[in-house]
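Q: Build out the structure end to end from the sequences listed, making use of the hints.
Chain by chain, the residues:
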Amino acid sequence: MKCESCGKPAVVNKYCKTCFIKYFEKEFKKGLGNLKGKSLCVAVSGGKDSLTTLYLTKKFYPKNKILALLIDEGIKGYRPHTIKSLKKYAKEWDIPYKIVKFEKPLDDIKGSRACSVCGVLRRYYLNKHARGFDVLITGHNLDDEAQATLMNVFMRYASRFKRMTMPLVTHKLFIKRIKPLRHLSEREVMAYFILKGFDTPMDECPYARSSFRDVVRTALNEFECKHPGSKLNIIKAYDSLNISNSTGHLSSCIYCNEPSSNEVCQACKILRN
Amino acid sequence: MIIKGLDKELEFDFRGSVLALLKALKLNPVEHLVIVNGELAHESKHLCGNEEVKIIRVVSGG
Ligand SMILES: [Zn+2]
Ligand SMILES: [Zn+2]
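Residue numbers (my numbering), protein chains in the order written: chain A, 1 to 273; chain B, 1 to 62.
FYI, nobody ran anything at the bench for these hints, they're computed from the structure.
Some clues are possibly wrong.
To be verified - Over 12 Å on every C-beta distance to chain B, these chain A residues come out as not near it, computed from the model:
hint, residue
1, Lys17
2, Pro62
3, Asn141
4, Met155
5, Met202
6, Arg217
7, Glu222
8, Gln266
9, Arg272
Stated by the list, open to error - Listed next, the in silico EDC-like pairs over lysine to aspartate or glutamate satisfying Cα-Cα at most 20 Å (straight line):
hint, chain 1, residue 1, chain 2, residue 2
10, A, Lys58, A, Glu92
11, A, Lys162, A, Asp239
12, A, Lys22, B, Glu39
13, A, Lys17, B, Glu39
14, B, Lys54, A, Glu204
Don't be surprised by glycine CBs; every beta carbon is placed ideally from N, CA and C.
A: Right under this line is the structure:
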């Protein structure tokens, strides 16, 4: 197959290497929006999605204040590998980084709900440690977002569904989030990562295989294979709902003072159990 | 051909497109990329059987 834009042999989608990189970066830039003069905190895990996000954020906003923030969940034999990658690339791209560890390693608190516990704590630490920056940029790709949308529907998680692109309640302690890979698939991100010659351990999180997300991912990808464009349509349908958040009152957690709708926030419930 | 990147190295007698190879191995093309002789290969690329092939699962956590 030939590249749709220039006629050279295609390597991914309908593009050759050069044209794919151009397409990918253009989509990313669109997802970032205008961040001139803003201070940017990029959430990184050291995996391909977040490293790509970090690299391109710096490429498009080289003069902005940028911090790479890594939350270490404490998963033995998994996270340490990608921390090494982060350190290597942060040095190469001249970006300062900060690593925050879970107060209790996930390996000790996982129970049967490792992924949801991890999700709550990660969101909590990211919001807390990115404070002071204008925006938090995360590496969620199209697959992550489409999966989360379906999971919230299947499980009827109404409030999680509503807060997928912004917090339910506007609060000065909630940092604004941007997901520039939201319209780019995991496969496209991996292709970009490979074509740029980047490298990082590609292990799967040891908890991923036992999660509900994994079930949804496999089903959704089988569907995508038969009906290309489905994942993007899920995101577009969600966005067209125009869910608006409220500016109602939000109290703070009695233990940590972080914003919370209950007396004790979700994170403290987990950490103090 | 020798196929690397899966759980174990695989010797497989195959001629046809990259897409057909993935289908023959029962792998979803949405979840995999294929490197042929060190370069990312399009699904439509034809394989003659003597290439060095590496299959990459694009799904990775976190
Ligand atoms: Zn081209
Ligand atoms: Zn708390």
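Q: Failing hints, ascending?
A: Going through the list in order, the structure violates hints 1, 3, 5, 6 and 7 and respects the others.
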